[in-house]
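Undergrad: Spelled out from the first residue to the last, the chains are:
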Amino acid sequence: MRVHAKRAGVLLGGLMTPALSMADWTLNMSPGVTGTSNDIFSLHMTILWICVVIGVVVFGVMFWSIFAHRKSSGRKPANFHENTLVEILWTIIPLVILVVMAIPATATLVDMYDTSEAEVDIKVTGYQWRWKYDYVDEEFGYFSSMSTSKDEIYNRIGKNENYLLDVDNPMVVPVGAKVRLLLTANDVIHSWWVPEFGVKKDAIPGFINETWTRVDEPGIYRGQCTELCGKDHGFMPVVVKAVPQDEYDEWVAGKKEEAERERELTEKDWTMEELMERGEKTYASACASCHQEDGSGSPPAFPALQGSEMVLEDMEGHLDVVVNGVSGTAMQAFGDQLNEVDLAAVITYERNAWGNDTGDMITPKEVFEYKNQD
Amino acid sequence: MAENQTYYVPEQSKWPIVATVGLGVMLYGVAAIMVNGKEGNSTTGSWIMFWVGSAIMVYMLFGWFGNVIKESRSGLYSPQMDRSFRWGMSWFIFSEVMFFAAFFGALFYARVFAIPWLGGEGDRGSSNMLWEGFQATWPLINTPDPDSYPAPEGVIGPWGLPLINTILLVTSSFTVTVAHHALKENNRQKVKTWLTATIALALVFVCVQGYEYVHAYRDLGLTLESGIYGSTFFMLTGFHGAHVILGTLMLFIMLLRIRKGHFTADNHFGFEAAAWYWHFVDVVWLGLFVFVYVI
Amino acid sequence: MSAVADTHAQDDHHHGPAKGITRWLLTTNHKDIGSMYLIFSFTMFLLGGAMAMVIRAELFQPGLQIVEPEFFNQMTTMHGLIMVFGAVMPAFVGLANWMLPLMVGAPDMALPRMNNWSFWLLPCAFLILVSTLFMEGGAPNFGWTFYAPLSTTYGPPSTTFFIFAVHIMGVSSIMGAINVIATILNMRAPGMTLMKMPLFVWTWLITAFLLIAVMPVLAGVVTMMLMDINFGTSFFDASGGGDPVLFQHVFWFFGHPEVYIMILPAFGAVSHIIPAFSRKPLFGYASMVYAVGAIALLSFVVWAHHMFTVGIPIAGQLFFMYATMLIAVPTGVKVFNWVATMFRGSLTFEAPMLFAVAFVILFTIGGFSGLMLAIAPADFQYHDTYFVVAHFHYVLVPGAIFGIFASAYFWLPKWTGHMYDETLAKTHFWLSFVGMNLAFFPMHFLGLAGMPRRIPDYALQFADFNMVSSIGAFMFGATQILFLVIVVKCVRGGEKASAKPWDGAEGLEWTVPSPAPYHTFSTPPEVK
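Chains as they are written, first to last, in our numbering: chain A, 1 to 374; chain B, 1001 to 1295; chain C, 2001 to 2528.
For the record, the hints were derived by calculation from the structure and aren't laboratory data.
Here a beta-carbon is modelled for each residue, glycine too, at the ideal position from N, C-alpha and C.
One should not assume that every hint holds.
DEER-style ranges, computed between Cβ atoms [to be verified]:
(1) B:1132 with A:256: 18 to 26 Å
(2) C:2065 with A:217: 33 to 41 Å
(3) A:168 with B:1040: 38 to 46 Å
(4) B:1044 with C:2039: 31 to 39 Å
(5) C:2016 with B:1059: 26 to 34 Å
(6) C:2314 with A:217: 25 to 33 Å
(7) B:1044 with C:2426: 53 to 61 Å
(8) C:2022 with B:1059: 15 to 23 Å
(9) A:168 with C:2426: 54 to 62 Å
(10) B:1052 with C:2426: 49 to 57 Å
(11) C:2426 with A:83: 31 to 39 Å
Okay, chain A solo, but in the shape it has when bound (with noise of 0.2 Å):
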């Protein structure tokens, strides 16, 4: 307890001074990085500068009567109860200060909506719950999801530094250039901040939000998902890495060929062993969020697959359902979201692993088929 009277020592300190600023206690916005945050933070400035005058002023003349008027020191109460001219000012004065406000938060807006000139077009869809990139003139994209361990979230280990704000594959954005950002969702409405670059912007299913940024110097900078999408909103970060141009045209290259890579995967001949290996990432990955690691789910809304009918028998049919979903329920069509590669593995894996031990094994080149035999 000692250690809290310290910090609120130090918190009360912090109150009198709001420029300082510490470490674990930030008392404000950060400027950010971009000129839009900058844009933003300028004019966060301004109108708590201005609420400060007129609180100072407010509640000077109020404890002013608290103290001078009270009636232990025996004042008489007078009785005026109106004064035209005070009333007309005190409705002016606001009136002329918001117009002055207004005025650059204005400018401020028409710069943010201005999407126009883009270098670089990368599409963000949000889903339950993690992002996906898509780098729309480069055709690739990938997913990005939270890499913080269950075991850091239920306090069995340590708590790493940036607990809850890290992903696998972070968005990778060149320095300097203007990125314009679809934003869209698969499922819920999600929402996508970066608070260092000024930008928030809902991704909304079946709609398309543009927004943009341009980032001036390289660094990692993190966010989060800021609009409640379900009980995993709180762990799908935004992490965006911005590095040099040459840097960034290098990793689209390696991506490019990543992915070529990963087509060729679909022909190749795969093992159980292979596809059990890779299942249990994907599922870890795409599933497990939802039924559990050990497959037990969370019924009603998700069920259970370790034991599931579906799963031990009907082959057509749990392709059927990770391939195109349940319609009006939380299971998501994954044709989209996962190639033939991982949906193969991770049927596999699923109808092997906890006991299911069907020994059923499904390749990539059936599900290859299975998707397009319209």
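Add chains B and C to chain A, keeping to what the hints say.
TA: Chains B and C in isolation, oriented as in the chain A frame:
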């Protein structure tokens, strides 16, 4: 000194608590029917709840209104009381207007914003990327995802049955006004005639609307599931139809009361309330006719 | 009287209440109904508060310790719904029931039986709502704003029950509001013109208008949800041509006036309490009335400021930003008027005044953060963070809740005939004041530092302020038990209260004895 007559404050009454139990049981039943139905469970118990609740509600309505009528006829109500009823009814109708406003708002939003955006126009036009091949039209004869929401083959044009329905309802508003004037002149035979005519027009309206629904479902494939056009069409006309039926019931009860000799030339607020409600239903229809069918 | 006596043989309007439970079940008396509303509201306040304690306990430290995320979401949802619809709104309706007839000199509410129905529907609605916690799949878990499609396609089965509970609450609110309007417009004592009405009456008149205008819209939007869930419509589904954002537009068309519904009656009550303890008439009565009217009208054209990040076209964005900023003007006028009322008065600080002064200061702080949130570009950074949570708790806790406490202490002598225990009441105030600020002020910092709302676990840099906030919340929560003690004590006994226990108080309610007789103003008083 009618103004200063004492305001009638009723004694204890069992009706509010009966109404609470009735409404609660009825709506819990409805919700249970839907949830159990969707989950594939038995809905028998839920239906029983629904019917029991409904029966309590009917009992309550007869009892409560019966009380009010009895009090009114025994002269307990002052002109001030009458004004309370008038304020009450007017604001109730205003709340109904706002209920319809929500659905009209949804229609407006879908037509002016959502559909064009999905079709590639306007500020969020890039949404069309997600729905390749979708064209914005109104009426919506294709939907962004026809697998989930098959589009209708056609919609109901305004100048056939809907026009006839418009004429029916406008005429009924007129006939109910004639009946009201007759009541004020204490010509009770005339009241009965014109009120009966109003109810007849209302019933024809409901039948025509019913026929239209069957036509839409059977021949046009226009259903609740056929996208936002079907959703707004059936919700607006459906809620309106429900209000027509309710209004007709009100008018019918007024007819019964007239036949029993209720109301006088200058004291007939029950009748007026029903007439107000009827005019409201009529005005909503005019809005529907213009915004749902014509434009 | 003669007409009444004819039909009810033993009817005498000056008899007391019936005995036993039937007094409460069958009553038509506005004072009984008012008391039931207040008791119900406090019960819900404790229930919603208990859920807040669960939330704050989970957020005491980073990591998941006490509840799972699914349950956490149910807690935030139910906390919001219960506080808004179960605690704050019924409390004000209770105050209206008790005070409006006394203030306008009426024998009762205009439609007493309907009044009783309005009340009893509330326990019915909340029974259904709370029962969802025990249903398969759990209670609603999509936030009190229940955005589609999280609440439709992805909602738990209990959503349908939740929808009908909202319908019943809506019926209750609309009937309550109709009663209030009819009472105010039709039952005022002779001589009480509109511009002579007490401000609490004025604010309630406008609140009732807002209620009747927007509760049906809420009914409409939950009906659309019901249809989307159970009957295949596509209001909120883009694949059928609908739009999830349509939900938000309709919801906030209800939701924004709703927040004024929760604060306007408090404005009214505070406008009685500050003059009473300043011993000086309210400054700028007319401008107070106009300001409330202006706030109410503006509240219909600002809804999309809750949705600045959903991708509204820029013209809409600008319109809603300007309209929202304008609300600061009439709100400012009210605050200035209260301060001017205190200025050069003769002030004392009994519990009602303490709560009222805290109301003015802290509500103004909430107003400041509201003004900041109105600036659309800045809102992109504040939106859906703890800054917003801080903002609306600053307007709702020291706004609505402190307004209710102030009113309760102010009128308790009139209701019970006894003075409450001033020392305990002051303790209640100071503990609430400190606890509330400790709980909610750090949330501003958390939001600015980037902590999203509605998350069960957070990154490490938010740990310290969350701990402070939780400590404050526990303190505030525990303190409210004291209020129960004070009220029970006051009902059971205490110093006898005179008809007018506050020497600066004015209005018809202080002309009847304390406690107010079961029936008052059977013949209307004359107002000069």
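Undergrad: Hints first: check each against the structure and report whether it holds.
TA: For each hint, the structure was consulted:
1. B:1132 with A:256: 18 to 26 Å: holds (24 Å)
2. C:2065 with A:217: 33 to 41 Å: Roughly 37 Å apart at Cβ, these two residues keep to the hinted range, so it holds.
3. A:168 with B:1040: 38 to 46 Å: holds (39 Å)
4. B:1044 with C:2039: 31 to 39 Å: holds (38 Å)
5. C:2016 with B:1059: 26 to 34 Å: holds (30 Å)
6. C:2314 with A:217: 25 to 33 Å: holds (28 Å)
7. B:1044 with C:2426: 53 to 61 Å: holds (59 Å)
8. C:2022 with B:1059: 15 to 23 Å: holds (19 Å)
9. A:168 with C:2426: 54 to 62 Å: At 56 Å between Cβs, range holds.
10. B:1052 with C:2426: 49 to 57 Å: Given about 52 Å between the Cβ atoms, the range holds.
11. C:2426 with A:83: 31 to 39 Å: Because 33 Å falls inside the window, the suggested range holds.
In summary, this structure violates none of the numbered hints.
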